[in-house]
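Enquirer: Sequence:
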Amino acid sequence: MFDTFTALLDWFGIVVFATTGALVASRKQMDLVGFVLLGTATGIGGGTIRDTLIDALPVFWVREPAYLVTCVLVSCTAFFLAHIPHSRLKLLLWCDAVGMALFAVTGAEKALLADAGPIAAVAMGVITATFGGIVRDILGGESPVILSREIYVSAALGGAVIFVALALAGIAREYALAGGFWAAFAIRAAALRWDWCLPRYRPRPGRTRDEIDPR
1 MFDTFTALLD WFGIVVFATT GALVASRKQM DLVGFVLLGT ATGIGGGTIR DTLIDALPVF
61 WVREPAYLVT CVLVSCTAFF LAHIPHSRLK LLLWCDAVGM ALFAVTGAEK ALLADAGPIA
121 AVAMGVITAT FGGIVRDILG GESPVILSRE IYVSAALGGA VIFVALALAG IAREYALAGG
181 FWAAFAIRAA ALRWDWCLPR YRPRPGRTRD EIDPR
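If you number the sequence shown the way the working numbering does, the last residue is 215 and the count never jumps.
Calculated directly from the structure, the hints in this document are not laboratory data.
Heads up, some of the hints might be wrong.
What the hints assert, rightly or not - So the derived label-pair ranges between C-beta atoms look like this:
hint	residue 1	residue 2	range
1	A186	G141	39 to 47 Å
2	P144	R193	17 to 25 Å
3	Y175	D31	45 to 53 Å
4	L93	L8	14 to 22 Å
5	I171	V33	41 to 49 Å
6	R202	D55	17 to 25 Å
7	L8	R200	32 to 40 Å
8	R173	R202	21 to 29 Å
9	E142	R200	16 to 24 Å
10	P203	L113	39 to 47 Å
11	F5	P203	46 to 54 Å
Ideal Cβ positions, reconstructed from N, Cα and C, are used throughout, including at glycine.
Work the whole structure out from these sequences, hints included.
Expert: If you want it as C-alpha cells, here you go:
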C-alpha cells in the first residue's frame, strides 16, 4: 500500500515538473518542440543526472519509457491549455513543492540503495529534486532557481538530510521517507506562506590605506 502511494506521488511529481517546464516555454512563446523539450527536461532531468552519477545505467526512463512518454504528453497538452495553469500559478507552486519534497527523499533513497555514502545520497536527493528545474531555466533563458533568493534548494537539502539520518539510524523506510518528505515540504511551504528567503551578501566598504598600514 505504501509503495503504491509513493509511486502515485512519483508520477504526480513528474507531471507537475513537466507542466512547470512547459509554462516556461509558454512565457517564451516557443513552438510545440520547445514545449516538449523544456517539459521533458524538467520532468526527468534531475533523475537522469542522478542515475548517471551513481552509475544506475540505463537511466530510469530508458528502463521505463512511460516516464518519457508522460512528459511528452503533458507538454503537448500544455501547449494547448497553458492559459489554465497560468491562471492557477499559486496552486501550481504548492504542487511543485510536493514534487520537490518527494524527489528529494526518493532520490536520496535510490542513491543509498546503490551503495552511495550518506553525503553522496543527500547530494543525489538535492540533484533529483532541483536539477530538472535548473536545466529548464537555463534552456528557457531565465535565472536558475539555485541562484534565486527563494528557499527551494535549501528545502530539498533539509528533506534529504532528514531522510538519510533517519535511514542510517535504522528507522523503518516508511517513517524515514515520511519524515524527510514532510521536512522538505514544511520548509518550502513556510517560504511560500511567509515569503522566507536566505540572507544575501552585502558588500562592505573597503579599508583605507591608513587602516591597513597605520605607519
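Enquirer: Now look at each hint and say whether the structure bears it out.
Expert: Verification of the hints:
Restraint check, A186 to G141: a C-beta distance of roughly 32 Å breaks the suggested window 39 to 47 Å. Checking the proposed 17 to 25 Å range against P144 and R193 shows it holds: the Cβ atoms sit about 24 Å from each other. Distance hint check: the CB atoms of Y175 and D31 are about 46 Å apart, consistent with the given range 45 to 53 Å. Between L93 and L8 the CB atoms are about 21 Å apart, so this pair conforms to the stated range of 14 to 22 Å.
With their beta carbons about 45 Å apart, I171 and V33 fall inside the hinted range of 41 to 49 Å. The hinted window of 17 to 25 Å between R202 and D55 is violated, with their beta carbons roughly 42 Å apart. L8 and R200 have their C-beta atoms about 38 Å apart, which keeps the hinted 32 to 40 Å range intact. In this structure the hint that R173 and R202 lie 21 to 29 Å apart at CB is violated, the actual value being about 43 Å.
A hinted range of 16 to 24 Å for the beta carbons of E142 and R200 is consistent with their spacing of about 19 Å. Take P203 and L113: their Cβ atoms lie about 45 Å apart, and the range 39 to 47 Å holds. In this structure the supplied range 46 to 54 Å holds for F5 paired with P203, their Cβ-Cβ distance being about 49 Å.
Checked against the numbered hints given earlier, this structure breaks hints 1, 6, 8; the rest are met.
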